[in-house]
Amino acid sequence: MNLPFLRHLPGLGSRPICRIVSTAAASATGAEAAIQHLLAELPELLMAAVIAHPSGQVLASYTTEARLWAGNAAAAWSAMVQQLQAAQDAQDQRHEHVEEVLTSLASQQHLLRLAPGNQYFLYLATDSHDSNLALAREVMRQSIDLLFVEL
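When we follow my numbering, the leftmost residue of the sequence shown carries the number 179, and every step to the right adds one.
Since the hints were derived computationally from the structure, they do not count as laboratory data. You may find that some hints are simply not true.
[Said to hold, decoys possible] Restraint-style ranges between C-beta atoms, simulated for each label pair:
1. 219 - 281: 18 to 24 angstroms
2. 273 - 195: 15 to 21 angstroms
3. 250 - 277: 21 to 27 angstroms
4. 310 - 264: 30 to 36 angstroms
Beta carbons are placed, not taken as given, at the ideal position from N, Cα and C, and that holds for glycine.
Hey, can you work out the whole structure from these sequences and the hints?
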């Protein structure tokens, strides 16, 4: 029997929505603190995640929509960063490094920011009508700094 209202009850087969989900490594790296900072500064965000690179392991995440789930795409994001870095190497731009990747969709903005050392990256999705890209970029910079203060 299909009972749709059961999907909205916590812990009954649905993914956690509107709460931070983290691994044991999240507190050691400051990943959870970085997500909390993003939520405090950008309460309208759709999704945020801290991902270990290049493994693609999600250390901490937050989402407001079940279809935006960091675990589903983290490996692909990590592979995308590796491809961008390989393209830079192929163009003999080894002295440069990828800091940020922006993907603009019709209704959303997705921003990926690499931490210094390329061990982690922060991923953020916002509604393009409800958020300011410059503000989101600045908050991401602050969150990356927070991530390394706790290391």
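Item to check | Numbers of unmet hints, in rising order | outcome: Hint 2 contradicted; others consistent.
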